[in-house]
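Protein chains: 2
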Amino acid sequence: MDLSLIPVWGIVAGIIGLLVAIFFAKSVLSESPGNEKMVEISKAIQEGAMAYLNRQYRTLIPFALIICIVLLIVKGWPAALSFLVGSVSSAIAGYVGMNITTRANARTTEAARTSLNKALGVSFRAGAVMGLSVAGLGLLGVAGLFMLFGDAETINSFAFGASAIALFARVGGGIYTKAADVGADLVGKVEAGIPEDDPRNPAVIADNVGDNVGDTAGMGADLFESYAATAIAGLLIGFSVYKGHGAGEMLFLLIGVAGILSSIIASFFVRTGENANPQSALNKGLWGTNILTAAAAYGLVNWILPPSYTAANGIVITPNRVFAAIVCGLAVNILIGLITEYFTSNQKKPAQSIAKASETGAATNLIQGLAVGLKSTALPVITICAATLISFQAAGVYGIAIAAMAMLSTAGIVVAIDSFGPVADNAGGIAEMAELDPSVRKTTDKLDAVGNTTAAVAKGFAIGSAALTALALFNAFAELAHLDKIDILVPTTIVGLFIGAGLPFLFSAFAMEAVGKAAFDMIAEVRRQFREIPGLMEGKAKPDYAACVDISTKAAIRQMIIPGLLAVGTPVLVGFLLGKTAMGGMLAGGTVSGFLMAVYMSNAGGAWDNAKKYIEEGHHGGKGTPAHAAAVIGDTVGDPFKDTSGPSLNALIKVMGTISLIIAPFLR
Amino acid sequence: MDLSLIPVWGIVAGIIGLLVAIFFAKSVLSESPGNEKMVEISKAIQEGAMAYLNRQYRTLIPFALIICIVLLIVKGWPAALSFLVGSVSSAIAGYVGMNITTRANARTTEAARTSLNKALGVSFRAGAVMGLSVAGLGLLGVAGLFMLFGDAETINSFAFGASAIALFARVGGGIYTKAADVGADLVGKVEAGIPEDDPRNPAVIADNVGDNVGDTAGMGADLFESYAATAIAGLLIGFSVYKGHGAGEMLFLLIGVAGILSSIIASFFVRTGENANPQSALNKGLWGTNILTAAAAYGLVNWILPPSYTAANGIVITPNRVFAAIVCGLAVNILIGLITEYFTSNQKKPAQSIAKASETGAATNLIQGLAVGLKSTALPVITICAATLISFQAAGVYGIAIAAMAMLSTAGIVVAIDSFGPVADNAGGIAEMAELDPSVRKTTDKLDAVGNTTAAVAKGFAIGSAALTALALFNAFAELAHLDKIDILVPTTIVGLFIGAGLPFLFSAFAMEAVGKAAFDMIAEVRRQFREIPGLMEGKAKPDYAACVDISTKAAIRQMIIPGLLAVGTPVLVGFLLGKTAMGGMLAGGTVSGFLMAVYMSNAGGAWDNAKKYIEEGHHGGKGTPAHAAAVIGDTVGDPFKDTSGPSLNALIKVMGTISLIIAPFLR
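Heads up: the sequence lines are chains A and B, in that order.
Mapping of the first sequence onto our numbering: residues 1 to 668, in sequence order.
Mapping of the second sequence onto our numbering: residues 1 to 668, in sequence order.
Among these hints, one or two may not hold up.
[Claimed, not checked] Computed footprint of chain A on chain B; a stretch qualifies when at least three of its residues, placed anywhere within it, have a C-beta under 8 Å from a C-beta of chain A:
| id | region |
| --- | --- |
| 1 | 361-371 |
| 2 | 487-501 |
[Stated by the list, open to error] Simulated restraints, written as ranges between beta carbons of each label pair:
| id | chain 1 | residue 1 | chain 2 | residue 2 | range |
| --- | --- | --- | --- | --- | --- |
| 3 | B | VAL316 | A | VAL70 | 40 to 50 Å |
| 4 | B | ASN54 | A | ASP521 | 48 to 58 Å |
| 5 | A | VAL190 | B | ALA192 | 19 to 29 Å |
| 6 | B | ARG271 | A | LYS348 | 53 to 63 Å |
| 7 | A | ALA312 | B | SER4 | 50 to 60 Å |
| 8 | B | GLU532 | A | ILE562 | 54 to 64 Å |
| 9 | A | LYS243 | B | PHE63 | 50 to 60 Å |
| 10 | B | ARG668 | A | LEU19 | 52 to 62 Å |
| 11 | A | ALA312 | B | ARG668 | 23 to 33 Å |
| 12 | B | GLU532 | A | PRO626 | 20 to 30 Å |
| 13 | A | VAL316 | B | ALA312 | 33 to 43 Å |
[Said to hold, decoys possible] Okay, derived cross-link-like pairs now, BS3-like style, lysine-lysine, Cα gap no bigger than 27 Å in a straight line:
| id | chain 1 | residue 1 | chain 2 | residue 2 |
| --- | --- | --- | --- | --- |
| 14 | B | LYS517 | B | LYS189 |
| 15 | A | LYS348 | B | LYS517 |
| 16 | A | LYS517 | B | LYS349 |
| 17 | A | LYS623 | B | LYS189 |
| 18 | B | LYS348 | A | LYS517 |
| 19 | A | LYS442 | A | LYS348 |
Hints were generated in silico from the structure; no laboratory data involved.
Just so you know, even glycine gets a beta-carbon here, dropped at the ideal spot from N, CA and C.
Using the sequences and the accompanying hints, generate a full structural model.
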């Protein structure tokens with residue numbers, strides 16, 4: 001086949017993805033948004049979310065411009081343009097996705113008045129808009145720029161642009177959502193004793209906005225980055241291995257094509273019966289995508305790869321060996337999801353052990369939760385190690401990059417089922433705030449419960465893919481920096497390793513402190529409103545929602561700067577001061593430690609959350625007991641763990657990698 | 001000079017250390033143990049501590065014998081004998097030290113009735129018995145075995161023996177002390193509302209025993225291990241660098257001689273006025289040792305090293321360059337202590353920020369505490385990195401080993417001022433339980449406050465020296481395994497790195513869970529006693545102290561097995577399954593991640609503790625306020641962090657290293 005056509009395939013598939021996204025968006029918007037009150041609430045959430053995104057992107061403009069100018073001077077206009085396209089695409093995916101998910105919430109509530117399947121349909125299609133925007137823009141950007149410039153090294157600025165945005169989206173969104181959540185919970189639920197999502201709580205709108213900017217926009221930017229970085233690192237490695245001999249160098253784009261088309265097809269499998277568990281509908285979508293992608297990839301490798309190819313380093317690559325690497329990547333996808341679910345589900349032992357420990361108070365709840373989080377790192381480590389060894393055994397470094405790309409190719413459906421969660425969550429909140437019949441809330445609660453599980457799966461996916469992406473970037477860095485070894489017996493390498501491993505610790509400290517500071521402001525404001533607005537507790541007066549939204553926004557933007565600069569600045573400093581082997585050590589240390597910390601924090605947070613839910617189901621005395629109070633404290637500590645620091649670490653380890661690719665040629 | 005005489009110097013200095021220890025012990029025992037009640041309480045603590053040590057060592061006998069037999073078969077009797085000597089020496093140091101410190105407590109209380117200086121003298125000399133036993137037996141063992149077998153590779157089993165004991169001593173002691181502490185605090189202080197060290201609390205004796213088995217015996221075994229491992233790794237590296245050309249290969253023993261003699265001299269500087277701060281007395285001892293060691297080392301290197309020596313790899317070593325490495329090691333000593341103090345002292349911002357966060361409840365207290373702990377890793381990382389780079393710049397790998405040995409040479413005085421802490425703490429407890437005049441408690445409180453600071457300094461020392469020891473072991477491993485590079489671009493190496501970095505997470509999870517389980521039993525027992533023993537709360541009946549001591553002992557022994565086997569088994573498995581480059585990656589990953597986790601956990605725990613003390617001093621409302629209750633929860637979570645998992649990680653990273661030296665020749 002004509003190799004030069006492969007990028008065209010990528011472009012076409014990307015556009016198809018975007019068209020289907022538009023179709024889904026129209027279909028969501030054609031639904032009724034419900035009564036006046038529901039529209040009003042939905043609008044408040046939407047405006048809050050958009051206000052935040054506007055402010056976030058506006059804050060990043062000077063920062064992006066400086067990088068653009070630097071790239072223009074040292075690397076030329078194609079690199080600068082690629083950077084711009086990468087960052088703008090990430091922003092567009094965020095805008096479009098958020099626009100739809102925040103409009104879909106009231107429509108889901110309205111649909112839930114008549115049918116569970118209809119409510120699932122509205123919320124899932126809204127999520128799919130985000131998912132297909134991410135995958136579609138990612139594929140379109142990489143393939144389009146590659147066709148334009150014909151060189152993977154030039155367009156890695158696209159990945160860097162995506163990285164830079166993702167970093168701030170993760171950190172800022174994570175701070176926003178948790179400041180609002182902690183504020184709403186601590187003052188509203190604990191101090192004032194009013195239920196979740198009660199319209200009397202001044203922070204309730206900010207809390208709902210937070211679900212969107214954290215889970216939807218943050219996750220979208222995160223996976224957009226992984227997608228772009230993996231595809232480009234793959235192209236770099238592919239070209240160094242194949243050196244123009246055969247289509248293997250551009251297989252990465254074709255895997256992307258297979259993944260996005262599979263996601264689109266599988267998204268039509270997502271429908272449920274009235275009394276069925278919506279979980280199985282989403283599982284069909286997820287499994288369907290994986291199976292279809294594997295099948296398509298099997299056809300592809302046998303069609304376009306030569307029957308056998310011997311790379312310069314002597315590794316023999318055959319279609320079946322490449323397929324084995326693809327299966328490896330898809331298996332990581334499934335396995336990390338299952339492990340994450342095991343360690344966080346309230347149906348399983350880990351979360352239940354935390355619930356039991358709550359009987360002896362908050363301290364034992366916390367000790368047990370921290371232990372569960374720490375323990376949950378072992379199996380993901382083994383999974384990643386096995387995937388690395390097997391895919392390397394199959395096809396060398398090329399195999400590792402292929403496995404990463406296979407995993408990421410399913411990003412469309414993963415983001416879809418992840419973004420579905422906040423929509424369902426918001427829908428429940430709107431049902432509550434609009435004082436609809438409790439049966440509506442019951443229906444949305446069914447969806448929301450599923451959303452918690454899919455969020456865990458997506459989190460596992462984001463972390464696992466970040467690790468594989470980082471490994472691919474690490475190998476691509478060695479390629480670009482012309483390193484044939486990175487020897488940790490050399491002291492500068494081990495120093496790089498130390499600094500790289502230490503960075504996630506310092507970075508998550510800043511992220512957690514930021515939540516603490518932002519929450520402090522929020523708590524003061526909510527307390528002030530309860531104190532100063534007469535008739536608020538009695539439901540006679542309306543709280544000032546906008547003030548809380550504003551506090552979250554300002555605090556998140558202010559607090560994201562330091563961790564962001566730390567993440568971007570340290571690799572540059574280490575690279576130029578200590579040289580490229582130190583940089584290599586740093587990438588390895590950062591990947592390993594960042595992965596461990598991300599798993600630890602995310603799973604501890606998830607387990608605390610579900611331990612609380614388990615108690616709320618009536619175990620260990622149920623709501624209102626000291627055990628429940630202890631579990632609420634654990635859940636609150638877990639919030640910044642799982643929604644701020646944990647996810648931000650994914651962005652951290654990838655941004656270290658994409659920066660390293662940019663500066664690699666300049667390092668000594 | 002005659003090189004063969006150098007080990008004799010080591011033997012003589014080791015014996016001098018032990019003789020001075022005996023002198024100090026006699027001097028402590030010649031003091032009055034106080035009235036009958038004090039003697040009775042002291043005896044209970046002593047019996048509990050000895051019962052625990054007996055049981056711990058007895059449990060380890062079969063384990064040690066198996067290793068001994070394996071070593072006998074695969075490495076011959078010198079290795080087996082060295083292992084035996086190493087483990088028995090560690091046990092002896094533990095026994096002797098504990099015997100004296102647990103007898104010194106009541107004597108310190110009695111001395112405090114008349115004079116602060118006298119009380120300081122008793123408690124410090126008791127600590128010095130432990131300190132000089134550790135350093136003396138360490139130096140005697142290494143020098144003696146080296147003289148006997150003339151080969152560093154054979155006697156590295158001595159270090160392995162010390163490691164194996166230290167691992168279980170740290171884990172078991174850590175579980176013991178925190179199970180007792182959590183039990184005593186949660187039920188006694190929080191639920192029953194009785195003060196600390198109240199004789200009505202059934203867990204009060206177990207709590208005091210815990211201070212000894214955790215801080216004294218655990219720390220002693222830990223630093224004995226560091227001492228032995230560093231000296232032997234140093235000899236290994238020294239011989240590979242000097243290959244018989246000059247005394248440089250045995251400089252390690254001489255630095256040990258300088259350190260122990262300096263510690264002895266400086267220990268006589270430790271005396272205080274009646275109204276002075278005892279801290280400055282201990283500082284004199286610490287600084288005195290460092291300065292004297294540096295001065296002696298300066299003389300030594302210029303006397304015995306050739307003016308210039310060019311190693312096989314081209315590195316030129318001069319006396320001044322070696323001296324620079326020595327200063328590096330001593331500087332790490334001072335710097336890590338200062339950093340630890342900054343992050344944990346209640347006079348400084350970090351702990352105070354946690355106190356402030358307590359105002360909004362336990363959740364914000366915990367978030368802030370975790371953030372402080374995470375943040376506190378950055379400066380120690382930079383310190384270790386700088387020391388590594390500078391000492392390598394000065395004299396290559398030899399320089400790194402020299403820096404580690406210089407740091408460890410001061411172990412005698414560090415263990416002394418660390419072991420002093422539990423004696424002062426116990427003394428206060430005895431004053432309380434024996435219902436002495438409050439002025440006595442006031443005097444012992446002065447000592448106890450200093451003990452908290454010196455404990456922080458010693459903890460920093462233990463962690464920092466563990467990192468340097470691990471780096472020295474890592475280089476010695478490369479030497480013994482004939483690795484001229486450990487390339488992290490090779491997938492098995494990066495897999496080793498992943499597993500090595502993951503091990504501290506899993507290991508500390510087990511340690512924390514063990515505390516949770518043991519504390520659970522303890523809480524149930526204390527509650528039972530309060531419920532079932534009539535008149536206990538009114539002070540009319542005596543609680544069953546022995547039952548609590550027994551529960552802690554059994555739980556600690558039972559729970560130390562799994563983390564212990566994990567620590568010993570994983571490196572062997574990785575080494576034999578994945579080969580020696582994977583083992584190298586594992587050592588690097590374990591060192592880096594274990595160091596970070598140890599600093600994070602120790603400092604978070606210390607800061608939580610002092611945040612609580614800060615509130616108790618009257619800030620943020622003082623005792624009895626919700627802020628105080630929140631701080632108590634943080635402190636309780638911090639307990640297993642700082643006293644179980646954190647310190648155990650030091651032992652973990654070193655045992656990985658000493659095992660690697662044993663199996664290095666057998667790996668492919």
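Results of checking the hints against the structure:
Coverage of a stretch by a chain is defined here by at least three residues with a beta carbon nearer than 8 Å to that chain's beta carbons; for the region 361-371 of chain B and chain A the count is 9, and the condition holds. Counting residues of the region 487-501 of chain B whose beta carbon lies closer than 8 Å to any beta carbon of chain A gives 12, which reaches the threshold of three, so the coverage claim holds. Against the hinted window of 40 to 50 Å, the Cβ-Cβ separation of VAL316 (chain B) and VAL70 (chain A) comes to about 41 Å, which satisfies the hint. ASN54 (chain B) and ASP521 (chain A) have their C-beta atoms about 56 Å apart, which keeps the hinted 48 to 58 Å range intact.
Look at VAL190 (chain A) against ALA192 (chain B): about 26 Å separates their beta carbons, and that is inside 19 to 29 Å. The beta-carbon spacing between ARG271 (chain B) and LYS348 (chain A), approximately 60 Å, falls within the hinted interval of 53 to 63 Å. For ALA312 (chain A) and SER4 (chain B), the hinted distance range of 50 to 60 Å is satisfied, since their beta carbons lie about 55 Å from each other. One distance hint, 54 to 64 Å for the beta-carbon pair GLU532 (chain B) and ILE562 (chain A), holds here, with the actual separation near 55 Å.
Separated by about 55 Å at the C-beta atoms, LYS243 (chain A) and PHE63 (chain B) satisfy the suggested range of 50 to 60 Å. Look at ARG668 (chain B) against LEU19 (chain A): about 56 Å separates their beta carbons, and that is inside 52 to 62 Å. Look at ALA312 (chain A) against ARG668 (chain B): about 26 Å separates their beta carbons, and that is inside 23 to 33 Å. Under the hint 20 to 30 Å, the C-beta atoms of GLU532 (chain B) and PRO626 (chain A), about 22 Å apart, fit the expected range.
Between VAL316 (chain A) and ALA312 (chain B), the C-beta spacing of about 39 Å keeps the proposed range 33 to 43 Å intact. Distance check on the hinted pair: LYS517 (chain B) and LYS189 (chain B) sit about 20 Å apart at the alpha-carbon level, within 27 Å; holds. In summary, the hint linking LYS348 (chain A) to LYS517 (chain B) is supported, as the alpha carbons are separated by about 19 Å, within the 27 Å threshold. With a C-alpha separation of about 15 Å, the suggested pair LYS517 (chain A) and LYS349 (chain B) falls inside the 27 Å cut-off, and the hint holds.
For a cut-off of 27 Å, the pair hint linking LYS623 (chain A) to LYS189 (chain B) stands: about 26 Å separates their Cα positions. The straight-line distance between the Cα atoms of LYS348 (chain B) and LYS517 (chain A) is roughly 19 Å, inside the 27 Å bound, and the hint therefore holds. Pair hint LYS442 (chain A) plus LYS348 (chain A) holds up; C-alpha atoms about 23 Å apart against a cutoff of 27 Å.
When the structure is compared with the earlier hints, no violation turns up for any of them.
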